[in-house]
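Enquirer: From these two lone chains plus the hints, build me the complex, please.
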Amino acid sequence: MRNKVLLRIARISMFTAVALIMHYLENLLPPLLAFAPGSKMGLSNVVTLAAIILLGYFDAFVILIIRCFLASLFGNVFGLVYSLGGGICAFIVMSLLYRFTSPKVSLIGISVAGAVVHNIIQTIIAASIVQQINIILILPLMLVASIIAGVFVGLVVYFLVKNLPLNLFTDNAVPSSEADIDKIFKEKD
Amino acid sequence: MDTQKVKKIKLSRPFALLDIPIFALLAIAVITFMVISLNTKEEGDVVRVYVENEFYSDYDLNENGHYNINNNKGNLLMVLVIEDKVVHVENSACPDHLCEISDIKFAPEQIICLPNNVIISIIGDSNFDIIVG
Chain A
24 MRNKVLLRIA
34 RISMFTAVAL
44 IMHYLENLLP
54 PLLAFAPGSK
64 MGLSNVVTLA
74 AIILLGYFDA
84 FVILIIRCFL
94 ASLFGNVFGL
104 VYSLGGGICA
114 FIVMSLLYRF
124 TSPKVSLIGI
134 SVAGAVVHNI
144 IQTIIAASIV
154 QQINIILILP
164 LMLVASIIAG
174 VFVGLVVYFL
184 VKNLPLNLFT
194 DNAVPSSEAD
204 IDKIFKEKD
Chain B
703 MDTQKVKKIK
713 LSRPFALLDI
723 PIFALLAIAV
733 ITFMVISLNT
743 KEEGDVVRVY
753 VENEFYSDYD
763 LNENGHYNIN
773 NNKGNLLMVL
783 VIEDKVVHVE
793 NSACPDHLCE
803 ISDIKFAPEQ
813 IICLPNNVII
823 SIIGDSNFDI
833 IVG
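Protein sequences, first through last, are from chains A and B. Heads up, the first sequence is in the numbering used here, so the first residue is 24 and it goes up one at a time. Heads up, the second sequence is in the numbering used here, so the first residue is 703 and it goes up one at a time.
Chain B with its partners taken away, still in its complex shape (with noise of 0.2 Å):
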């Protein structure tokens, strides 16, 4: 332990001089990618499905619906609703349930379940959806 450094942290305040730096670089990195996001927003009419990184299924946007996707095993995953225009997940069988917090109506929006390695997303019609790998 540098014990000089802690004592003179002891005595200084809770924020110093040089945290502005990152604080504004923080706000700029923001502030851009929230610029980015809301203008990849738009409409789409197709909801595609990836089961562990390989196309799944395509499902209409426009049509209200229960989907069951499954792994490749034949096991339930989660069970896909459209309903009115919006996409969520119901029933996932997944340690956390986090992917069935999120509603997505709007391209390039996404639920992610990474336990299951199940990506759903609306495809607009600029084509955002650049797959890696």
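Looking at chain A on its own, in the form it has when it is part of the complex (with noise of 0.2 Å):
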């Protein structure tokens, strides 16, 4: 029992730390449309759709919440409740959409339609915030850079459950030796 709470809190960890790791990047890289100002990979999402596969959707919730608030910790308390509002429309149509269409939604249409949700929570989030509806004029630009950041992270993300070995997230015995660490990358699923 120990054990496993131990492991949860290890996997939530964890996969918080890339998402900041991802969310401090993505600061670094040249926006994603040269013409459009502010539009981002998403990279962190990554993590968060990964997560409600591999973790669930509770851990997945955690883990969005923690790196919002942690990220505007380190960047700019501005963009708090942008990252927020946007994440967790995200969060609840991608655990939808993974509930009730996978597999018959690709990872892929998943995350599309998660990064498009995310920019249209975003661009309504700004337009009432400096009051002016004009800015919806952006959305089209915005829909294209999703639509290519939604493609990149599923693909990153369909890599990632494809060749991670599923023994990391369901095993919840600590490994004790080197040997053991061993087995949980060897054995097939």
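Just so you know, these hints were derived from the structure itself, not from any lab. Some clues are possibly wrong.
Using 27 Å as the maximum straight-line C-alpha spacing, the simulated DSSO-like pairs for lysine-lysine come out as follows [stated by the list, open to error]:
| hint | chain 1 | residue 1 | chain 2 | residue 2 |
| --- | --- | --- | --- | --- |
| 1 | B | 807 | A | 127 |
| 2 | B | 787 | A | 206 |
| 3 | B | 807 | B | 787 |
| 4 | B | 787 | B | 743 |
| 5 | B | 787 | A | 185 |
| 6 | A | 185 | B | 712 |
| 7 | B | 743 | B | 807 |
| 8 | A | 209 | B | 707 |
Which chain B residues face chain A? A few, computed with CB under 10 Å, are given here [claimed, not checked]:
| hint | residue |
| --- | --- |
| 9 | 716 |
| 10 | 725 |
| 11 | 734 |
| 12 | 739 |
| 13 | 748 |
| 14 | 752 |
| 15 | 792 |
| 16 | 793 |
| 17 | 797 |
| 18 | 803 |
Beta carbons are placed, not taken as given, at the ideal position from N, Cα and C, and that holds for glycine.
Expert: Below, the structure is given as structure tokens:
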């Protein structure tokens, strides 16, 4: 029992750490579309979607919330309302699609839907903060950007899920030796 | 984790059949929005600036010039530059400088600086500028 809780905490922390690094790296990259300033790859979405699949909905939600708050601490606090609003809505859409339509809808489809919802919600939040409806004129650009980003993120998650050993996430025995760790990676699913 | 589902995904291809409706819906949305935003483009003469949701000032688009935009505490937020009927922003006091990337020349295009809450828009004849709230 204690092992189970410990491993769960360890997995959540590991995913959160990766999400934060992704978030940081993404800010160093140029915008996804040169003529749409602010368009991003949404790399931390890789972690959210992978967590939904590999850890479960609740843990993925926890990771998302922690990531948003920590990222706003390290970056600008101003972005918190955008990333939380967009992130939570994208999380809900991706969870529902994964729960009810996967594998008929592929991971790429799910992540594109998530990216689109993320962008639409962020645009709506921006429009309501600056109180200008004209801001939605940028939506077609943002939608194109989110399709590119969504396909990329979906592909990354697909290859992650395909290649990571499932035992890494289902086995609740704490490995006590290096031989145990080797076993996790060698066992076929 | 739904092990059965994950195992199915492991065996599946990257794309699936039901992705088609998602992408089709998106294509329709993008085309509709593009048509809307292209049709609303027109020549304008006035550059209108809002700071923190309040009207700040109007400038003539046909007149070249550099104008300072300050907030109500008197701090310089950015410099608005009008040059040959094209508007852009320099020296913005924001962390990411995204607003300095774009140029605008037609109504109802806008430069929006979210950190400073500054909106610079070109106003056309049909007065498309709807202010909400």
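Enquirer: Can you name, in rising order, the numbers of the hints this structure does not satisfy?
Expert: Violated hints (numbers, rising): 1, 2, 5, 13, 15 and 16; every other hint is consistent with the structure.
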